[in-house]
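Given the sequences, and given the hints that come with them, work out the whole structure.
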Amino acid sequence: MIRQIIYKEVLENLLSLRFALAVLLTTSLFVICGYVFVDEYREQLTDYWKKANDALSALREESDQLYKVAFYKQGIYRKPLPLALCAEGEEKALPNFFEVNAFTADLPRTKGQANFALPHFSHVDWGLIVSLILSFAALVFTYDNICGEKENGTLRLTLANTIPRHEVLLGKYAGVMMTLAIPLMIGMLVSLIIVIPSKDVVIGGGGWLKILTLALVSLLYLSIFVLLGMFVSSRTGHPVNAMAILLLVWVVSVILLPSFSRIIFDVTFEEPTEQELQRRIREVRKEIWDNSERYGKNAGSMSNNLSDPINNPPARARLQNAIMDATNQLLQEHHTKWLEQALARRNFACLSPAVIYQRACEAIAGTGIKRCADLYGQVKRYGADLKEFIRSRDMEDPQSLHLIGPEHGMAYSWRAISHNPVDFDSVPKFQERAMTLGQSLKLAIWDIGLLTLMNLGLFAAAFVSFLRYDVR
Amino acid sequence: MIWKIAKKELLLNLMTFKFAVGAVACVFLTVVFMPILAADYRQRLALYNRNVTDNDTELRNVIVYRNIKHMIYRPPVVLSAFSAGLEKQLAGSAKIELEKVPELSVTERGGNPYLPILAVFDESLIFKIIISILALLVAYDVVSGEREQGTLKLMLSDPIARHQVLLGKLLAGLVTLSVPVVITFVIGLVILLSYPMVAFSGSDWIRIGLMFVASLAFTAVMYQFGLLFSCLAKRSAISMVLGLFIWIIFAIVIPNASVQLATKLRPLESQEKRDGRMTSIREELNNELRTQFNSVREDFSHSIITSDESDAFGGYYAKRRDIYWLNAEQKLNNLTIPIRLRYADRFWDAERRYLNGFFRQKHLAHRLSLISPISTYENVMAVLAGTDLAGFQDFINQVRNHRNEVVAYIRDKTDSFSSASFFAICTEEESAEFTKLYVQAKEAEDEQAKAKAEQALNEWKREHPGEAVPLNLEDFPWFRHRPNSAADLHNAMPDLAALLIMNIALFGMSFAAFARYDIR
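Protein chains in written order, with our numbering: chain A, 2 to 473; chain B, 32 to 551.
Keep in mind that the hints were calculated from the coordinates and are not lab data.
A virtual CB, placed ideally from N, CA and C, is assigned to each residue, including glycine.
Just to be clear, a hint being listed does not mean it is correct.
Stated by the list, open to error - Ranges of calculated distance between the beta carbons of each label pair, as one might list FRET restraints:
hint, chain 1, residue 1, chain 2, residue 2, range
1, B, K304, A, D65, 28 to 36 angstroms
2, A, G410, B, I336, 25 to 33 angstroms
3, B, T310, A, Q330, 34 to 42 angstroms
4, B, T310, A, Q276, 27 to 35 angstroms
5, A, G410, B, D330, 28 to 36 angstroms
6, A, Q400, B, I336, 41 to 49 angstroms
7, A, E288, B, G142, 25 to 33 angstroms
8, A, A182, B, R266, 22 to 30 angstroms
9, B, D446, A, E288, 42 to 50 angstroms
10, A, W50, B, A77, 46 to 54 angstroms
11, A, D65, B, L78, 47 to 55 angstroms
Stated by the list, open to error - Okay, the calculated bits of chain A under chain B, using three or more residues with CB under 8 angstroms as the criterion:
hint, stretch
12, 27-41
13, 135-146
14, 245-251
15, 260-269
As structure tokens, this is what we get:
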């Protein structure tokens with residue numbers, strides 16, 4: 002019997018105007034999304050490779066002397082990802098440029114990309130279409146699912162048969178989910194059909210698995226709204242009342258809540274300022290300089306002539322390394338504060354299933370805030386690797402003092418770091434490691450759990466309401 | 032008869048569940064969030080006041096004219112609670128320098144880069160989203176619903192013209208919807224005014240009045256869309272679905288798509304190209320400066336002694352200079368400052384070309400989004416609140432004028448930058464005297480003469496301690512930001528007119544559809 006109900010629901014929906022409109026709207030948006038993405042991705046990729054190659058050739062020029070490689074600040078750009086098609090993760094507004102050398106990595110920066118005068122940095126991706134348009138369609142499909150049948154009198158007829166209520170409910174749920182899956186799948190396929198033939202976008206095996214996971218998470222998210230629609234529909238007598246409540250819930254949870262939480266957060270939390278960071282760095286440096294003798298005699302003074310008795314190279318190197326370590330520590334703390342603030346603001350908005358869904362999509366696609374922060378971590382690790390490389394190569398030079406310290410004057414005039422040329426091919430190059438599906442899922446697991454929990458809660462609510470529903 | 036129909040519809044509407052839900056939601060959201068918006072405004076105002084006070088204090092401590100390099104801050108807009116616009120997106124400050132003409136700069140936004148500025152909450156969001164849906168929900172069944180119930184047949188069996196029925200329904204819908212609009216506005220204003228730092232000027236009240244009119248016109252447009260669909264569809268379920276889909280297109284698809292399309296159709300000039308242009312101008316400037324410096328290099332070669340002290344805004348002033356050095360520097364300033372001023376204009380021209388690309392893109396996005404009444408309404412609210420791009424451009428224009436006044440003021444006070452007071456507190460006479468005594472002490476032939484000369488020098492130093500006195504800024508052209516209300520109102524007119532035209536066109540279409548409506 003449950004099959005018959007599903008069959009009837011699907012057929013009824015397929016023949017309705019709302020289905021036609023939903024398919025038309027979502028498919029056209031997926032098409033636009035595909036074309037826009039291919040175009041933008043190609044442009045971004047060309048731009049990225051140009052900048053990356055420029056940065057590499059600049060590094061090559063420095064490789065005539067080892068110490069120059071250590072001091073050269075390499076610019077590292079964020080590579081555009083093919084899965085940004087699914088979840089762009091507001092990357093346009095996030096940091097995209099990192100500078101690193103063997104001693105320190107600057108704080109991530111955003112280099113001008115977007116037009117500041119446009120109302121907001123919006124981006125049409127799968128996440129947006131599903132979280133806004135299809136979730137809305139889910140409500141339009143379900144608002145009269147139960148109360149509408151009651152009004153028509155067909156619910157009485159159905160229940161007059163020997164069929165338990167939970168089967169009716171499950172049948173209706175499955176029917177709507179199948180109907181919704183059609184525009185979702187058509188849209189995703191169309192979008193992929195547009196994207197795949199372009200040679201620029203290469204999606205690997207892991208990428209396809211991630212896309213499949215994204216499709217499943219999207220269905221999980223849409224299921225929340227289907228269950229919500231059924232719950233409200235089984236609590237109200239008239240479809241119009243159900244629609245009014247559902248629209249309110251949808252508007253509040255999908256549109257207003259993220260904005261609300263942002264303004265509440267902005268009013269309550271204070272941003273760590275750049276001036277504060279600079280002040281702390283100045284204080285720490287001053288403190289170390291004032292106690293320079295702690296690092297050895299004459300650590301605070303230096304003359305370019307190495308044989309000058311005021312010079313104490315090991316002490317000087319210890320002092321400069323201490324300053325650099327303290328600065329790096331402060332930068333790290335500042336970065337952690339930034340990140341905590343940004344994540345806290347988003348967690349704050351997590352009452353909204355749309356935010357949870359978008360966060361899960363970002364985690365699976367490997368984009369968004371987490372990716373930028375992870376990239377910064379990788380850049381810093383690369384800096385450490387570079388330092389190790391410098392150290393090992395430096396050992397080969399008997400003329401060097403083997404004092405790997407961040408003071409350029411020491412390396413230049415004392416030869417604290419080797420001045421020998423270095424084989425450019427052996428210099429470590431930065432390579433971003435993308436997250437595997439396992440790592441992505443680990444990041445998304447909480448969000449998927451939350452979405453599942455919402456599903457279970459709403460299913461229980463819909464179930465109880467429908468069991469007690471007065472069909473007269 | 033129109034009145035009877037209107038009254039019946041009004042009563043019916045007011046008693047509905049959907050109306051209650053919509054109206055309560057509007058009131059609730061306003062009551063909860065207006066205080067937060069007010070608190071946000073208070074915070075920004077406090078920051079602005081602190082910045083202005085610090086800046087003014089520092090400006091009053093400036094010792095020499097060269098160091099007048101103060102900041103100008105844009106006061107936060109109180110009406111941003113109604114429409115936030117670009118208020119949080121754009122930096123509202125500019126530095127006054129001789130070398131640079133202020134411009135809405137594309138400089139990297141300071142602060143946390145992980146916190147992208149996204150659409151923020153304001154009062155117009157309630158109208159844009161909730162009241163627009165409410166309008167559609169109120170309107171979707173006014174005709175098709177009555178047909179389904181059979182009451183339309185009954186009504187039209189009376190000797191009443193169809194346009195009267197439609198007008199009655201329209202009137203009732205507008206009166207119904209104006210209830211939440213009025214309540215939301217009144218509650219919002221009352222909450223806002225209960226904060227001591229909020230004070231509205233006359234022009235603010237005009238702006239608020241026009242915002243109210245725009246909100247009513249916008250609500251009417253959304254209502255008429257519902258009415259049109261109701262007249263087109265036979266079943267109310269279909270008119271509702273049509274209404275909801277058109278809403279999602281207006282609220283989400285068009286605002287996003289117009290931005291995407293505008294960025295595609297009018298791509299921005301690359302930043303590298305702009306940087307290249309700036310670098311080549313900078314090279315030209317450096318070349319010219321170098322040539323000028325070479326012409327006075329000889330003068331500098333005679334210089335003997337100097338003593339500098341730090342001044343406000345991170346600058347420094349010359350406390351004592353020997354006369355050769357002082358004269359050489361005067362000569363150099365006289366030659367180079369006009370060049371710097373000329374190049375400042377050239378830099379600005381180059382920057383303006385780059386920025387115009389941004390503005391063209393923005394204007395195209397705006398024009399494309401005009402087909403959505405929600406976007407039109409959003410824009411008209413931002414213009415009226417003074418938080419749109421034009422408001423910021425106006426501020427920067429005022430700052431630019433202020434810079435010109437400051438440049439003229441300094442030029443006037445320093446005899447076209449050639450006077451010593453431009454960079455030093457010592458006068459030419461003092462320098463000459465100081466040089467004479469200093470040289471005497473240096474070149475004294477015997478110990479006795481040297482001691483005597485040094486004593487004379489020290490005595491002179493005691494008599495002329497070179498105490499720095501802050502500049503007398505009595506006639507300084509202080510900056511006062513004047514919001515350009517006339518221009519804002521003028522800018523709002525096209526969008527307001529668009530809303531009115533939409534109303535008329537929609538009514539015409541509804542009328543045509545209803546005249547041919549099959550009531551069976």
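Tested hints:
| no. | hint | verdict |
| --- | --- | --- |
| 1 | B:K304 <-> A:D65: 28 to 36 angstroms | holds (31 angstroms) |
| 2 | A:G410 <-> B:I336: 25 to 33 angstroms | holds (30 angstroms) |
| 3 | B:T310 <-> A:Q330: 34 to 42 angstroms | holds (36 angstroms) |
| 4 | B:T310 <-> A:Q276: 27 to 35 angstroms | holds (29 angstroms) |
| 5 | A:G410 <-> B:D330: 28 to 36 angstroms | holds (34 angstroms) |
| 6 | A:Q400 <-> B:I336: 41 to 49 angstroms | holds (44 angstroms) |
| 7 | A:E288 <-> B:G142: 25 to 33 angstroms | holds (27 angstroms) |
| 8 | A:A182 <-> B:R266: 22 to 30 angstroms | holds (27 angstroms) |
| 9 | B:D446 <-> A:E288: 42 to 50 angstroms | holds (48 angstroms) |
| 10 | A:W50 <-> B:A77: 46 to 54 angstroms | holds (47 angstroms) |
| 11 | A:D65 <-> B:L78: 47 to 55 angstroms | holds (50 angstroms) |
| 12 | 27-41 | holds (count 4) |
| 13 | 135-146 | holds (count 3) |
| 14 | 245-251 | holds (count 4) |
| 15 | 260-269 | holds (count 7) |
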